[in-house]
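Protein chains in written order, with my numbering: chain L, 1 to 424; chain X, 1 to 334; chain A, 1 to 153.
I should point out that these hints are in silico values taken from the structure, not numbers from a laboratory.
Ideal placement from N, C-alpha and C gives every residue a C-beta, glycine not left out.
Hints should not be assumed to be uniformly reliable.
If we take Cβ atoms under 7 Å as the criterion, some of the chain L residues that face chain A in the derived model are [as the list claims (entries may be wrong)]:
no.	residue
1	88
2	183
3	199
4	200
5	213
6	217
7	218
8	221
9	226
10	312
11	340
12	344
13	347
Some chain X residues well away from chain L (every beta-carbon gap over 10 Å; in silico) [stated by the list, open to error]:
no.	residue
14	61
15	128
16	220
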Amino acid sequence: MSGHGSDLHDAPVAPQHPTLEELTERKARTRQRVAANNETITVSMGPQHPSMHGVYQAVVDLDGEIIVRTRPGIGNLHRGVEKLAENLTYHQVIPLTDRLDYVSSFAMNHGYCEAVEKLMGVEVPVRARYIRTIAHELIRLSNHILWLGVHIMDFGAQTFFLICFRDREYILDLFEMACGARLTHSYARIGGVSKDLPDGWVGKCRAVADFLPKRLAEYERLITVNRIFLKRARNVGIFTAEDCNQWRITGPALRAAGVARDLRKDEPYAAYDEVDFEVAVEYDADVYARFLVRIKEMYESCKIIRQCLDNLPDGPFLAADAAHVLPLKKNVMRDSAAMVQDFVHVFRGPQVPKGEVYRSIEVPKGEMGVYIVSDGGPKPQRLRLSTPSFYHGQAIPAMFEGEMLSDSVGIFGSVDIVLGDCDR
Amino acid sequence: MTDLIFLVVKGVLWVVVAVGMVPFIIYFERKFAGFFQSRVGPTYAGPFGALQSFGDMAKLLSKEDLIPDWADKPVFRIAPYILFVPAFVTMALIPFGPMGVSIFGHKVDLVIANFDAGAIMFLALGSIAVYGIVFAGWASNNHWSLLGSLRSGAQMVSYEISMGLALVGLFIMAGSVSFVGIVDAQAGNFWNWNFIPQIVGFAIFFVASIAELNRAPFDLAEAEQELVAGHMTEYTGMRWGIFMFGEYVNMVVVSAVIATLFFGGWRPPFEALEFIPGFIWLVGKVLFFVFMYMWIRWTLPRYRYNQLMDIGWKVFLPLALANLVVTALIVSVV
Amino acid sequence: MGLKSVIKKATFFEIFQGMSVTGGYFLKDKVTVEYPKEKIIPQPRFRGMHALLTDPESGRLNCCGCRLCETICPSNCITIETSEQSNHKSIDVFDIDLARCIFCGFCEEVCPCAAIVMTSVYELATYDKSDFYLTKERLVANQANAHKELYRR
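This is chain L alone, in the form it adopts within the complex:
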């Protein structure tokens, strides 16, 4: 944990990392609280509830304070994104992906575009790859800062929520400068990004990337070693690597269980193979470990952004592939070939080979996979989005078993579910 500029980690850490057996045993002790043949009362937490992140319904059977069984209810935010995509061309699907995980919408755009580019065989130019990396890390920061605020607010410290939103404004302002929107970016395009970075953006982004680690250090002073938070977050909601494996949990929750799986390192895309960063791993697999993993990821994101800004190459921000990529606006107004390309892509769509593709990337919440089946036409025949919150929402009953009701809110928050991502 060194190198953050804060030496506050006097938090008691076991000298050796807990093994899988130890963690399984701790989890079993929690599960033992659920005695057989107990009388339970049923409480429906949600779908609208002051704490549940989004319209997730958890119908819990309670034995006193202990949760015996949970029946999740999802689908309240289902908008049929995958079906809608079958009637839209590949370009038009991009704003739909914005609204999946609306907290980190560029990441969704990016994931979708990576899959489509793999299907079409489009090569993204270097500058565009760097811009995508910077934007993705910015949105990772935005997502984690928002998650942090909401999570700590679930534990009662409302101040944190507001100061996190204050700090998120800097990132949203950067996105507004680049693409025109603060939340639903639609910044990625097939073959690159929609607009080049405006003048002064690099300077402002660098200022943000230099300033945010100091803010993170302040957050750490405020909460990381706070005894109340430690009491509420340690040994709560243990979800071992084996559990994660069984329930398809990816992302920070998996890394908090000791598994160093990060698609940015394992299957690099965009410019991630050209930057140097560490994968944040913790071994305690509890709420506190997931918190620490995300804090470390935020520091690493700032590092990645700084490296990308230092090495940002010049060049085109969109591939010059007439069959697959939209033309540059300035060419459309001057060059008749570009105008024809514009008309073809709008009225018909890109040329897509027949076949299917699966591509997954590491979005802030976990691993997002996009599976596209193409029949050769300009609209996808089937678009399947394998979003992390869906699987995490599925695992909530397993995480809640044996835990106390007061802890359930914290555990739910630590897993970081957004219903747009879960329900699509």
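Fit chains X and A to the known structure of chain L by using the hints.
Coordinates of chains X and A only, in the frame set by chain L:
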């Protein structure tokens, strides 16, 4: 006869001050909540938003007064008042100036009731306030209200024990149980005040009082995320307003008690500043502690209920007892 | 558990540390922008309400009636009707249904004539739902808010 007149004047003055302070303390709570969160608080109602509480009161008065059908109506109605009337009684015990001051030629004791066992009375009244919460939860005929109120009541009772024991060391040192006597024992400058020798007692009393007032980090019974609003769930409009009012009056009064017991009450920090009336010093100290309560509330997350009870019984109670034993030893030896 | 951590625990050290952070925020500048009195000016590329640009000299709409915007719109919120005149296409109807619009900016991106642009107008709340149906006249009138320097040919 003049004694009676002065008594009435003192009583009315104190009530007016306490009741008049509460809307502004609520306003300050919201304003300071904003400041701690890097934002401005209310700014719209009146200059700097100072009339916000009055706007809120007007809003609450205009709301429908719902009493649930199956609720225990008389108990439901009386519960909010049981919460804050004890606070007013405690106020009568707190001295706001030296005894025997002469005003217009008459000797006046600047305290409404110079009760010999003032601090014990305060602890007893605090216990009565618990009834208000328990009655509210019971009378609401709502499962969750009842649970919330019982939790809240249990929490308050557990921390009252530590509060009381933390004070015994103080009583031994000061040799008196009345507020007037304890303030007199702190004569001198601020290093004569009781918080220095009784620092452990002060810490226990302060933290236990946060639990007593149901404020963060000990406010699980009212936490939105858990049980909607606990014992106050079924209360609408101005009845809920009375609960809120009662909580803030309790906060003001407990701050006054802390100021009196540990920080010299109406005495100034330096003897040279005695020309400023004691009342001003007392109000200043009360506002300081109210600010500390707010600062703590807006910084810390909250404890889970069983952790809260654990701390009350397993940490504070032994500490208070240890404080008592050590103080008794030192006083008897020295 | 060393002596240092025992002392830190007993004296509530990290709680005071946390309180110093919020105390700092208490004294520093507040970030609130008091909305009706102060307004944030969005960035030039902000995707707000649409505008139809006209040629400054002739006063004719830049729009050539190609219907690229109507077709690319993922929500089908643009309605265009044109009729042939002697030497140009006249745009009879150009309506945008803001209640359907998702403000993605695709219409602006594909337009070959720099006709439809998105301005920085974000104050769209209204009591009357018909205000959400932008007719050609309202779109043309909104060009006063457009950042025309972004759209020079």
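Consistency of the hints with the structure:
no.	hint	verdict
1	88	holds, 6 Å
2	183	violated, 10 Å
3	199	violated, 11 Å
4	200	violated, 11 Å
5	213	violated, 15 Å
6	217	violated, 10 Å
7	218	holds, 5 Å
8	221	holds, 5 Å
9	226	holds, 6 Å
10	312	violated, 19 Å
11	340	violated, 10 Å
12	344	violated, 11 Å
13	347	holds, 6 Å
14	61	holds, 26 Å
15	128	holds, 28 Å
16	220	violated, 7 Å
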